[in-house]
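Sequence order for the protein chains is A and B.
Under our numbering, think of the first position of the first sequence as 1, with each following residue one higher.
Under our numbering, think of the first position of the second sequence as 1001, with each following residue one higher.
Source of the hints: derived by calculation from the structure; they are not laboratory data.
Owing to the predicted nature of the structure, the values given are computational and were not obtained by experimental measurement.
Here a beta-carbon is modelled for each residue, glycine too, at the ideal position from N, C-alpha and C.
It cannot be assumed that every hint is accurate.
[To be verified] Mimicking DSSO-like on lysine-lysine, the simulated pairs with C-alpha atoms at most 27 Å apart in a straight line are:
id : chain 1 : residue 1 : chain 2 : residue 2
1  : B       : Lys1077   : A       : Lys129
2  : B       : Lys1091   : A       : Lys77
3  : A       : Lys77     : B       : Lys1077
[As the list claims (entries may be wrong)] Per the computed footprint, the stretches of chain A lying under chain B, defined by three or more beta-carbons under 8 Å from a beta-carbon of chain B, are:
id : region
4  : 144–151
5  : 154–161
6  : 227–239
2 protein chains.
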Amino acid sequence: MNSRDTDRKTPGDDIQALLFDVFGTVVDWRDSITREMCRFAETNALQADWQRFALDWRALYQPAMQAVRSGERGYVKLDVLHRENLQQLIKEYHLDHLTDDQLDHINRIWHRLQPWADTLPGMHRLHRKYLLASLSNGNIALLANMARHNGIPWDAILGSEPTRGYKPQPEVYLQSVDMLGLSPAQCLMVAAHNEDLRAARALGLQTAYVNRPTEYGASQTVDKEAEEDWDYCADSMTDLAQQLGC
Amino acid sequence: MNSRDTDRKTPGDDIQALLFDVFGTVVDWRDSITREMCRFAETNALQADWQRFALDWRALYQPAMQAVRSGERGYVKLDVLHRENLQQLIKEYHLDHLTDDQLDHINRIWHRLQPWADTLPGMHRLHRKYLLASLSNGNIALLANMARHNGIPWDAILGSEPTRGYKPQPEVYLQSVDMLGLSPAQCLMVAAHNEDLRAARALGLQTAYVNRPTEYGASQTVDKEAEEDWDYCADSMTDLAQQLGC
């Protein structure tokens, strides 16, 4: 709870929709990729540090999106960027003998990422009161398949692909809000990343920080805590639900 | 069941996703508008033939979209077209003394349309096996609110707004299919309208006709039956689920 809450009769009663960052906030990409790759390695006689592989793959994510943000290349969906990034790692991780089908299977791990333990209990409580939408850099197929796989209760999949951009580009937030027929102030951006919330707040959205201090594992240096007085700061999705009176 | 089914071991096993027309196929817009307007009229001392109002409002739908399809005006979402069309009817139906808020409330009846009796039982069965997405000319807020209101199990809301066009423009179908990461042949277009299915089939989608011979009421002249040998022809959404082995 922070100082803004003292003005509220019921917390969150001015909010119509919650917009979620997904990778790191809703799902644990590092652990999901590590576990799938360990299983894949076992049946395919591969050996490597698969947690380092997950971190290395993820490290190529921001530079790949930056090429689209800067206009250096036109919009391409994240599945394509993930596949290109995977290609950069196949030598180092001895994946170069795999078939295209096998590499596509690995690429689609992103469609099967697992939620944090508190994600589904929290989101199902939030869903009773609010419209829930993704506002992720993931593409629609990735997010829809992930939701089917896990039972994530999205009312709409927004963000990157419908707006053909990548966060933190302002139009990704503003067009997503517009697609819900709402004003920015009626929307609460939920993210484990301070940068994401800074971009959202600058555009007039409300902000909720969900702390995920192990997203990157022991080596994590950023986003270990809230860096500003976000409208809500929560330790988990169930804590957020509690704070919003759900 | 039709002749193509004899080739199949399990019906529908080549299909990954079902894409639904919504107005008329999933929901009964005529009855929903009529009933809401009767209630609204009662509390606001209005009198008119509200079924005729529903039909008149709907009759302005195709011409309004045609202005966007032809390029005469840029893309605007269906909520805006509905509101403009409503404005054309306010004199005739004595709604001109209503406030903007009241007219907006009437316009949002489209967000609250009710499903046909067989829709939810059928769609929940289909959802266990297939990814379900809307491929409607409705905008995202309209469809997301309608789904929340009724419990329609969409995995994704596609169609007009994410592709910035109006059916039967080919890109609305093809971009929606691409957003699911699928090929047209992996998608089954479900509609109560022969024209919609003709457009979908011409682009390589599979087709399912759901008969809704009372969509327009007693005066209905079109879409009283399947006019081609669609891949599936069903009397209801539960019949379609049955045919697809759900």
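query: For which of the previously enumerated hints does the structure constitute a violation, in increasing order of number?
result: Checked against the structure, the hints that fail are numbers 2 and 6, while the rest are satisfied.
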